Amino acid sequence: MSLLMAVAMGVRAESFDEILESFPSANAAERRTLLQDLAATGDVRVGTFFEVIARGALYVDRRSDTLVEGVRKGSRYELSNWMTGEALGEAGRRDVRRVPVDNQLRGELDRLLATAQLSAASAAVRRAAIQRIASNPSAGALEAMRQRQGVEPVAELRLELTATLAIASLAGDDASEMRKALLTLSERRDTAVRAALVNFLARDDLAPQLTVQAQTLLDRIEYRLRVMGRIESVFFGLSLGSVLLLAAIGLAITFGVMGVINMAHGELIMLGAYTTWVLQQLMPAMPGAALLLAIPAAFVVSGAMGWLIERSVISRLYGRPLETLLATFGISLILQQMVRTVFGPLNRFVVTPEWLSGAWTVTPGLTLTYNRLAILVFCLMAFFALMAVMRYTRLGLHVRAVSQNREMARALGIRSARVDAMTFALGSGVAGIAGVALSQLTNVGPNLGQAYIIDSFLVVVFGGVGNLWGTLVGAFSLGITTKLLEPATGAVLAKILLLVALILFLQRRPQGLFPKTGRQDAI
Amino acid sequence: MKLLLKGRIEKSTVGLLLGLSVVVPALNLLLPADSPLALSSFTVSLMGKYLCFAMLALALDLLWGYAGLLSLGHGAFFALGGYAMGMHLMREIGPRGVYGDPVLPDFMVFLDWQELPWFWWGFDSFFFSSVMALLVPGTLALVFGWLAFRSRVSGVYFSIMTQAMTFALMLAFFRNEMGFGGNNGLTDFKDVLGFDLQADGTRSVLFALTALTLAAVYLGCRRLLDTRFGSVVVAIRDGESRVRFLGYSVESYKIRVFVYSAMIAGLAGALYVPQVGIINPGEFQPLNSIEIAIWVAVGGRGTLHGAMLGAVVIAASETVLTGLFPEVWLFALGALFLLVTLLLPKGIAGFARGASS
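So the protein lines, in turn, are chains B and H.
Residues 0 to 522 (numbering that gives the first Met the number 0) make up the first sequence, in order.
Residues 0 to 356 (numbering that gives the first Met the number 0) make up the second sequence, in order.
So here's chain H without its partners, still in its complex pose:
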């Protein structure tokens, strides 16, 4: 343990996540429902959702905070991971759908499709789907990054082009002909690996799994940044030309960090879908991807734990505010964008660090 964990922040972040993975399921499963401390299954899934967002923010922080590349299309990688898992959950419904077709999901029967399209093959296997949830976003990032970084697209151009990418994917997934459920997306899931998705136990396990995965991914990113690779990435952010002149292949470093980040986003999406119970093309909206950037900016970019904190704080306040005053939320979010960029350029984490030193 000593070897793995370095520094106070790292210890407390991992400790908090491990603690959550035990305490939250315990409060849900062991306490009677009328106890004041008991958490409903709904709350557990909501918290699981926030942790998925935290992982997504972590992915963007790795890219933006450490490599200096602001992707405004990270929602696309998240959604692709989600779709991969959603496709598996669709296949697992089997003959229990409304139309009772043993192979075809309901929406395909509805559209009068005769057989499963080739890109749905293999998704009946959980393992294959999990691999795809990482591989598809990773491959897209590889191709996109290879094209972009090779011709030295950077800065705002990279941001605008990633935004165009997620916009194009959104339009594509809205089409019924694509074979991903069109407008409605994938939903009505029944169970995962044989466990009922509505059951309290399954939800608690999914939450614990999310918390543990997040802790692992966080530590993985930390250790990655400690390596020589991490140092070169940060060096590229601060002085790209110098690193290039020192003989490093800047492009391959950028591509690698972009691919890692996209895969983390895909993993977050795959954990998100079973807990939320739906994935639809709305996740590709450019607005969603920009929101991720604001989570990271608010939390403090280039810190990892700050990005995670920012995601949880903003996503939770969105739930509260849209419930209480729906009119106010966009004002609040807009004001947050302004205040953070103008007054808190280092985010909450930077502010806290400044106050403590």
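Pulled out of the complex, with its shape left as it was, chain B reads as follows:
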């Protein structure tokens, strides 16, 4: 690649370094031509070089006839390499000669650099140049833009050029130019235009007609940005909702269907997250494959742990919900400390595979990250898979039968104890899967589970115990409400307000949004 470029440049003109060699001995007129040649090379160092000249910091070291950057310290000069900034020692007044610079030359440098970058072969370089000039426009650079405007082949960049020029003319004095600029900008809805308009409206030398025109445009832009902000909030809300749903669906089975208060649910999520980390350590070359493999692995690990908990503790405590609560809390403490002893108290970092990093830019001002989108889709898949298991499989049928009427189910030959263990293992396994997904969003540490336990219980109770759809609706409505509140109140206050609202709601309607109808054992 670099060979090709070198060949191409060699054919077109002298290289950057060659031109630079003749620079120290050139006179003022020759220097102008050399600068044009330098700009034409399209070398990446041109920008830095021009910038050093424009600052008046470029010197010729007479002893070696090379170009250096210098800073005057009293009667001495501190020299450094203009490119790398590497220190080159000191020099006396007679050893160096400054490359003179005036405002005319500065403008010329700006124009040359802008022209070179705006006509670069790579569209990305041109885009970066437009952004650079837009953030700090100079007369020379704008002149270069004006020339480029007619010949730019990429339509999108052409629009950017026009917009930047229009914004620049808003700062000028020509009323008809301003009017034209406002018309040009009337289709734009981005923050740069908004800032330009705010500055524009702050001027006190405007014709009333112009003010009205600009104000209308500004209102339209602000409305659009507000809408975009809302949409983004809703997306973040959906994302938070998917996290809540993932954390809660396992609980919707163990608590909602079976009526078991499992305070160790959060720790089953944590085990799933650590399973992901361990698998990534085992296959360091393939973090993506390890992540996919972690889904069944975490289901098995957490499911097995759940089965063990059910058999050894919970099955002895049926009918004593408060004792179950305390015993499972004990289990959660033991699991937390176990993980802390085995893996250490520090957070572990789970790698995000390449196909999950990055973001999708829907329109300017609205970007959605891939990992959040993926978790949203994944959580819905997990949810519907679980629904299907409950509705269409034999296990699901037995679970529903036992939860509706244990004695009758037993009389019909269902081994209720086995069903209890299987159900609990299923709910725990789903918690493990949630851990895999959460490892992509948060830190994996011993306290991971604690952060979700209160939230997930509230989601289940809010949605209506025993109702999977209720859990879905509950999770997403809580997520979206939180994120819509956050811009106004801040994250912590939004959370507090929501908790209080939830407590009040549940005290009015203890059965939640969608109460289970029909007969049910009290829990």
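Keep in mind the hints are simulated off the structure, nothing from the lab.
Any given hint could turn out to be false.
Straight-line Cα separation of at most 25 angstroms, SDA-like style, residue types lysine to any residue; simulated pairs [stated by the list, open to error]:
1. 494/B x 141/H
2. 494/B x 120/H
3. 345/H x 310/B
4. 345/H x 258/B
5. 345/H x 333/B
6. 179/B x 190/B
7. 494/B x 118/H
8. 494/B x 279/H
9. 494/B x 103/H
10. 494/B x 189/H
11. 494/B x 93/H
Chain H regions said to be covered by chain B (calculated; three or more residues, Cβ under 8 angstroms) [what the hints assert, rightly or not]:
12. 153-161
13. 170-180
14. 289-303
15. 329-343
Owing to the predicted nature of the structure, the values given are computational and were not obtained by experimental measurement.
Built from N, CA and C at the ideal position, the CB exists for glycine as well.
Let chain B serve as the given structure and place chain H on it in line with the hints.
Relative to chain B, chain H alone:
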């Protein structure tokens, strides 16, 4: 005395507390520091802390053991009582703070507040603060209980919602804007009612006061449970529907016992803060509130003296174990939760009663 004290356990519990209130200060103040029996002021404050925990356990036992309502938010009432007392101690620092402001506590000066917020008014009075230490937890319990019991929230739902309550309060008190010192809470207290909090004498008096208050609260709860009110509360625990059908207003009984319990917790918090010297939002942690439940469960719920014993035993072993093997404490606590619920459902007190009969 005969009229007040009934039964062997009651006599020995009150006797022990009265004895402690005399012996511990004596061992601290009268013996020379190098005597093997002498207690350091640090130990006295530590023991005072355990007695505050015992009072907190007593509060939860009244609610859980006798009314059957497991609150997982009792740490919140304790902390609110503590904050009320802490606010008074903050005001009593006066101009001796780091910034020397005569009215504003240091953290407010640091946050550039200009004047005392309205909810700090009156806390320069010890009496007002003491009343608030009971009134604030009591009012919160009244409102929460009224909302909860009226719509018949009970069982685990009540537990989860009280847990959410303390969690919300923790988040709120962590905010600097709340005006309660944020993350750091209230600390650097100088003295109470003019007595230096670091002095041996003050610490001994505070301990004796805690022991005597605990004895009084214990007796108060005992006598309360002997009344008709106590019998109805226990009846609600064992057969709520029957009591309702007999014409009792179940809700008002539940609310009353919840409010009493919250006020006892607040009192415990108010006695705790001057002895420990700090109150911060960490006290609202859900984990703390669940620990109270385990004190009660280990000691034996529905006995009062068992709950107090459980609190002291577990809090003391926590001090010892976290000092010696920090890794082991959570394992031990977790195992305790499991063992007590699976093997000792009536706790130490129940086990002892079973062994003696």
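Checking each numbered hint in turn, tell me which of them this model violates, lowest number first.
2, 9, 10, 11
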